[in-house]
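Go by the hints and put chain B onto chain A.
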Amino acid sequence: MKYCDPISDDVEALASRKAFGELTQDERLAVLRVLGSADAYTSMRSMVLKVRAEFTVDIPRLEPRSSSRDSLRRMVEGRAQQQRSIPLVDRCKAAISRRIPVPYSIAAVVAAIAVTLLLHSPSEQSTPAQKIVYVERPVAVPQPVAHQASEQQVQPGTDSILHKTLHHVRKSVEARSVSAVIRDTAREAVAAVVRNVSATLPGSLHNEFVGLGNLRHLRVQPKGRTLAEDSSLSRFARPFSDDTL
Amino acid sequence: MKFRRTSYESHADEDLMRLIAQGTSGAFDVLYERYARRLLYYFYRMLGQDEEKAQDFLHDLFLKIVERPHLFSAERRFSTWVFSVAHNMCKNEYRRLQVRRTEPLDIDDLPMHSDPLPETIDRKAFAAMLDVELEELSEEHRTVFLLRYRENFSLREISDVLQCPEGTVKSRLFYALRRLAVRLKSFNPHDSGICL
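For the record, the sequence lines run as chains A and B. The first sequence begins at -1 in my numbering and counts up one residue at a time. The second sequence begins at 646 in my numbering and counts up one residue at a time.
One chain only, chain A, in its complex shape (with noise of 0.2 Å):
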């Protein structure tokens, strides 16, 4: 079988078109020399035109499905509003690039430069210079911020725990019994004051403290200062302030 044979691939073109009947003198010995008969190019004339009608005939069940199509148009849709999100000035730059010959916009360019430049060079000239007149307004001195809430005033006599322990290691320094037990006990105290935030020695309770060697900490504590301020006491109270004291 010639299947690129230059003749035979015309004969399905001819088949399509022409009847045996219909076709010139050399067309008629192509076929035949091809086909080897009238009826065998007849017979596939008849094929070629039974399958042009049935092909066109519609398959009605064939449709395709509407749920694709929403979906692909919804997505069309979204195209859409992404570029319409693209910034103004974007689109302008793309609009005029598009719509606009260069020369014309060049000149457009030019045009608003030079209008622009008469609209303001002549009130820039007429206009007087602006004197600045400096005011001179209340700088707000800030003000260290009180923490009123969380400060606990010791004093004397009170049921707290920083005066129990405080009075503890007074009697102790009494009783001569200046030990571990009294730095255990002065740690106790310091831990209790960060606990609380903050908290005032009074000069009263100051002074209990004065010549006490061991605790060294709490004796450059001077008066009226925090506790919790002092960072040497800080440091000493750090290990205790944990919540499980």
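By construction, these hints were calculated from the structure, which means they are not laboratory data. On a predicted model such as this, the values are computed, not experimentally measured, just so you know. Do not take every clue at face value.
[What the hints assert, rightly or not] Label-pair restraints from in silico Cβ distances:
(1) Leu116(A) / Glu712(B): 48 to 58 Å
(2) Thr114(A) / Leu716(B): 41 to 51 Å
(3) Ala719(B) / Tyr102(A): 24 to 34 Å
(4) His715(B) / His118(A): 42 to 52 Å
(5) Ser64(A) / Leu716(B): 22 to 32 Å
(6) Arg679(B) / Ala36(A): 58 to 68 Å
(7) Gln80(A) / Leu716(B): 11 to 21 Å
(8) Val100(A) / Asp776(B): 55 to 65 Å
(9) Pro810(B) / Val108(A): 55 to 65 Å
(10) Asp701(B) / Ala78(A): 24 to 34 Å
(11) Leu27(A) / Glu654(B): 43 to 53 Å
(12) Gly812(B) / Thr22(A): 20 to 30 Å
(13) Glu654(B) / Arg59(A): 24 to 34 Å
(14) Arg721(B) / Ala78(A): 17 to 27 Å
Ideal Cβ placement from N, Cα and C applies to all residues, glycine included.
Leaving out everything else, chain B in the frame of chain A:
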């Protein structure tokens, strides 16, 4: 206040593609209306008459059109481009399923209906037999045949779709038609028992 709806019916396919790339849903509607059924039928025929699969392939094809409209080259006709995409999808599917026919069809081995059926046989019988015979064709021959007789593409357009020489298209067409004429000769009222 009335809003006038833009009609895209008169637009060419290529213009519609440009509008779809810009997000014009109306253009998509028109293009879908023009090609969805044709492509669905093509997939249906090319994929073993599996309607579900054909529907899926149709969706995937239009998904490509919507998502990547820039793939369409304005130098080509849309109709040939979209069918070439469909053709490639079918080829990939054949490759995936490994159902591509490896042995060449031998027309001489085909059984022939020696007894012509009565001329009163209806078109439905012919259609059913044609379906069977089309399934028996190789992918290349079936593609050419469908594009030629179903889509009425010219030989040049088919060669554009398949990216092959026009002569190859002609020979494939001749082969497919000749084979069908042999296999379906019982439906031929002019049949005189002559073997092609």
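Against the structure, the hints come out as follows:
1. Leu116(A) / Glu712(B): 48 to 58 Å: holds (51 Å)
2. Thr114(A) / Leu716(B): 41 to 51 Å: holds (45 Å)
3. Ala719(B) / Tyr102(A): 24 to 34 Å: holds (26 Å)
4. His715(B) / His118(A): 42 to 52 Å: holds (45 Å)
5. Ser64(A) / Leu716(B): 22 to 32 Å: holds (26 Å)
6. Arg679(B) / Ala36(A): 58 to 68 Å: violated (41 Å)
7. Gln80(A) / Leu716(B): 11 to 21 Å: holds (18 Å)
8. Val100(A) / Asp776(B): 55 to 65 Å: The hint (55 to 65 Å, Cβ to Cβ) holds, given that Val100(A) and Asp776(B) are roughly 60 Å apart.
9. Pro810(B) / Val108(A): 55 to 65 Å: holds (57 Å)
10. Asp701(B) / Ala78(A): 24 to 34 Å: Holds - the Cβ-Cβ distance for Asp701(B) and Ala78(A), about 26 Å, lies within 24 to 34 Å.
11. Leu27(A) / Glu654(B): 43 to 53 Å: Given a distance of about 48 Å, which is inside 43 to 53 Å, the answer is holds.
12. Gly812(B) / Thr22(A): 20 to 30 Å: Roughly 22 Å apart at Cβ, these two residues keep to the hinted range, so it holds.
13. Glu654(B) / Arg59(A): 24 to 34 Å: 26 Å Cβ-Cβ, so the 24 to 34 Å window holds.
14. Arg721(B) / Ala78(A): 17 to 27 Å: holds (25 Å)
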